[in-house]
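Protein sequence lines correspond, in order, to chains A and B.
Each residue of the first sequence is one higher than the one before, starting from 1 at the first, in the working numbering.
Each residue of the second sequence is one higher than the one before, starting from 1 at the first, in the working numbering.
Calculated directly from the structure, the hints in this document are not laboratory data.
Honestly, I wouldn't trust all of these hints.
Said to hold, decoys possible - Below, computed lysine to any residue pairings styled on SDA-like, alpha-carbon distance capped at 20 Å:
id: 1; chain 1: A; residue 1: Lys204; chain 2: B; residue 2: Thr19
id: 2; chain 1: A; residue 1: Lys118; chain 2: B; residue 2: Glu8
id: 3; chain 1: A; residue 1: Lys219; chain 2: A; residue 2: Glu208
id: 4; chain 1: A; residue 1: Lys118; chain 2: B; residue 2: Arg10
id: 5; chain 1: A; residue 1: Lys231; chain 2: A; residue 2: Gly196
id: 6; chain 1: B; residue 1: Lys56; chain 2: A; residue 2: Lys219
id: 7; chain 1: A; residue 1: Lys118; chain 2: B; residue 2: Lys56
id: 8; chain 1: A; residue 1: Lys213; chain 2: B; residue 2: Val36
id: 9; chain 1: A; residue 1: Lys118; chain 2: B; residue 2: Tyr6
id: 10; chain 1: A; residue 1: Lys107; chain 2: A; residue 2: His19
id: 11; chain 1: A; residue 1: Lys213; chain 2: A; residue 2: Gly255
id: 12; chain 1: A; residue 1: Lys118; chain 2: B; residue 2: Val36
id: 13; chain 1: B; residue 1: Lys56; chain 2: A; residue 2: Asn38
id: 14; chain 1: A; residue 1: Lys118; chain 2: B; residue 2: Arg7
id: 15; chain 1: A; residue 1: Lys204; chain 2: B; residue 2: Trp16
id: 16; chain 1: A; residue 1: Lys204; chain 2: B; residue 2: Tyr6
id: 17; chain 1: B; residue 1: Lys56; chain 2: A; residue 2: Lys231
id: 18; chain 1: A; residue 1: Lys107; chain 2: A; residue 2: Ile25
id: 19; chain 1: A; residue 1: Lys65; chain 2: A; residue 2: Thr52
id: 20; chain 1: A; residue 1: Lys159; chain 2: A; residue 2: Ala275
id: 21; chain 1: A; residue 1: Lys118; chain 2: B; residue 2: Arg9
id: 22; chain 1: A; residue 1: Lys134; chain 2: A; residue 2: Gln67
id: 23; chain 1: A; residue 1: Lys118; chain 2: B; residue 2: Trp16
id: 24; chain 1: A; residue 1: Lys204; chain 2: B; residue 2: Ser37
id: 25; chain 1: A; residue 1: Lys65; chain 2: A; residue 2: Asp108
id: 26; chain 1: B; residue 1: Lys56; chain 2: A; residue 2: Asp33
id: 27; chain 1: A; residue 1: Lys118; chain 2: B; residue 2: Arg2
id: 28; chain 1: A; residue 1: Lys65; chain 2: A; residue 2: Gln53
id: 29; chain 1: A; residue 1: Lys139; chain 2: A; residue 2: Asn24
id: 30; chain 1: A; residue 1: Lys231; chain 2: A; residue 2: Met158
id: 31; chain 1: A; residue 1: Lys219; chain 2: A; residue 2: Ala5
From a predicted model like this one, the values you see are computed outputs, not experimental measurements.
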Amino acid sequence: MADYAHPEVLVSTEWVAQHRTDPNIVIAEVDVDTAAYNEGHIPGAIGWAWNTQLCDTVRRDILSKQQFEELMASSGISNDTTVILYGDNNNWFAAWAFWQMKIYGHKDVRIMNGGRKKWLAEGRELSTEIPQPKRATYKASDPDLSLRAFLPQVQVAMKERSAALVDVRSPQEFTGEILAPPGLPETCQRGGHIPGARNIPWGKACNEDGTFKSYEELKELYRSEGIDGSKPIIAYCRIGERSSHTWFVLKYLLGFNNVSNYDGSWTEWGNLVGAPIERGAAAVGA
Amino acid sequence: MRAEDYRERRIQIDDWPVTLTSYRVGDVYHCKADNVSPGATLARTSGVTRQQAEEKAIARARELLARTRRQPV
Numbered sequence: 001m002a003d004y005a006h007p008e009v010l011v012s013t014e015w016v017a018q019h020r021t022d023p024n025i026v027i028a029e030v031d032v033d034t035a036a037y038n039e040g041h042i043p044g045a046i047g048w049a050w051n052t053q054l055c056d057t058v059r060r061d062i063l064s065k066q067q068f069e070e071l072m073a074s075s076g077i078s079n080d081t082t083v084i085l086y087g088d089n090n091n092w093f094a095a096w097a098f099w100q101m102k103i104y105g106h107k108d109v110r111i112m113n114g115g116r117k118k119w120l121a122e123g124r125e126l127s128t129e130i131p132q133p134k135r136a137t138y139k140a141s142d143p144d145l146s147l148r149a150f151l152p153q154v155q156v157a158m159k160e161r162s163a164a165l166v167d168v169r170s171p172q173e174f175t176g177e178i179l180a181p182p183g184l185p186e187t188c189q190r191g192g193h194i195p196g197a198r199n200i201p202w203g204k205a206c207n208e209d210g211t212f213k214s215y216e217e218l219k220e221l222y223r224s225e226g227i228d229g230s231k232p233i234i235a236y237c238r239i240g241e242r243s244s245h246t247w248f249v250l251k252y253l254l255g256f257n258n259v260s261n262y263d264g265s266w267t268e269w270g271n272l273v274g275a276p277i278e279r280g281a282a283a284v285g286a
Numbered sequence: 001m002r003a004e005d006y007r008e009r010r011i012q013i014d015d016w017p018v019t020l021t022s023y024r025v026g027d028v029y030h031c032k033a034d035n036v037s038p039g040a041t042l043a044r045t046s047g048v049t050r051q052q053a054e055e056k057a058i059a060r061a062r063e064l065l066a067r068t069r070r071q072p073v
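In isolation and in its complexed conformation, chain A is listed as follows (with noise of 0.2 Å):
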């Protein structure tokens, strides 16, 4: 992990088994199945759902500055606490919380590497007490909004070039052959993707074990579409959780400096009326 830009923002699973009862430390398994915790987590740590406690269940947000600084207070989590995220699918949701996170300025927020796949695999220690928290104070910042881009933004990158986009959907989705992954509900009314995108979907970053791959490995993923970090990179996915993932890669992996994620994703762009959509694979040179 030591060539990364950041290799600070990682941690192994045998970190974890190691310091997993230090002293402020606070452990949050995130997952896409929020079921997933409920059958065994890493003793003590807590479960955030992403559906529920992970954004604004009124509007479609994140979460506010309030709202934020109580899911940290309740969860035992003060401004100088270390939080260790992991979660499933190779960390989706755990690198959504991540980037949250850094949105509000926490400054020691980490990723088990691998996930709780790899902790699972490796037959490590589970646990299904529900820890109950010592309520914490927390004050957080006020958005960094450049790690987030809006549609106006997407907007002008798109017709001026100005950005990089990525998306980081499936080749199928990213062709319009299916408006949602495999089995998963329909939640756009067209396919494609946005015109000039490349396509480079969020799971080739990982290996079988679901760690990250190597810093040369990603650079010359990136590289070979075009994705260097002499622009400003935008990488969006269908609701922003795959892509949140590839932009704690691009932004902490590889140290690009202005990469944002586009939360509103295709569920957003895929559902405007008279937005231009390119559908096939993506154009040569785009």
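Put chain B on the given structure of chain A with help from the hints.
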């Protein structure tokens, strides 16, 4: 407690590649079926044997995958 007998295998369900991940925690076998690309969970089941947990997961995954429409590109 810990996950034991951890196993992953790739199968096809109606032309869709699916990964089945199964393991035992205590006396219960758990199984997760996910679509290979992108890897989202389709079903999470349990049973007293691996076979039982897997069969339930496959049945549920088949039901969900049958709803996926392919568009002409």
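We went through each hint and held it up to the structure:
1. A:Lys204 to B:Thr19: holds (16 Å)
2. A:Lys118 to B:Glu8: Distance of about 12 Å is within 20 Å: holds.
3. A:Lys219 to A:Glu208: Within the cut-off at roughly 18 Å; holds.
4. A:Lys118 to B:Arg10: This hinted pair holds, its Cα atoms lying about 18 Å apart.
5. A:Lys231 to A:Gly196: Holds - the C-alpha atoms of Gly196 (chain A) and Lys231 (chain A) are around 14 Å apart, at most 20 Å.
6. B:Lys56 to A:Lys219: violated (41 Å)
7. A:Lys118 to B:Lys56: violated (24 Å)
8. A:Lys213 to B:Val36: holds (18 Å)
9. A:Lys118 to B:Tyr6: This hinted pair holds, its Cα atoms lying about 10 Å apart.
10. A:Lys107 to A:His19: holds (18 Å)
11. A:Lys213 to A:Gly255: holds (15 Å)
12. A:Lys118 to B:Val36: Holds, at about 17 Å.
13. B:Lys56 to A:Asn38: Holds, at about 19 Å.
14. A:Lys118 to B:Arg7: holds (12 Å)
15. A:Lys204 to B:Trp16: holds (19 Å)
16. A:Lys204 to B:Tyr6: Status violated; Cα separation ~23 Å.
17. B:Lys56 to A:Lys231: It is violated: about 48 Å lies between the C-alpha atoms, which goes past 20 Å.
18. A:Lys107 to A:Ile25: holds (13 Å)
19. A:Lys65 to A:Thr52: Measuring from Cα to Cα gives roughly 16 Å; hence the hint holds.
20. A:Lys159 to A:Ala275: Status holds; Cα separation ~12 Å.
21. A:Lys118 to B:Arg9: holds (15 Å)
22. A:Lys134 to A:Gln67: holds (18 Å)
23. A:Lys118 to B:Trp16: violated (25 Å)
24. A:Lys204 to B:Ser37: holds (10 Å)
25. A:Lys65 to A:Asp108: holds (18 Å)
26. B:Lys56 to A:Asp33: holds (17 Å)
27. A:Lys118 to B:Arg2: holds (12 Å)
28. A:Lys65 to A:Gln53: holds (13 Å)
29. A:Lys139 to A:Asn24: Given pair Lys139 (chain A), Asn24 (chain A) holds - Cα atoms ~17 Å apart, limit 20 Å.
30. A:Lys231 to A:Met158: holds (13 Å)
31. A:Lys219 to A:Ala5: Holds, because 11 Å separates the two Cα atoms, which is no more than 20 Å.
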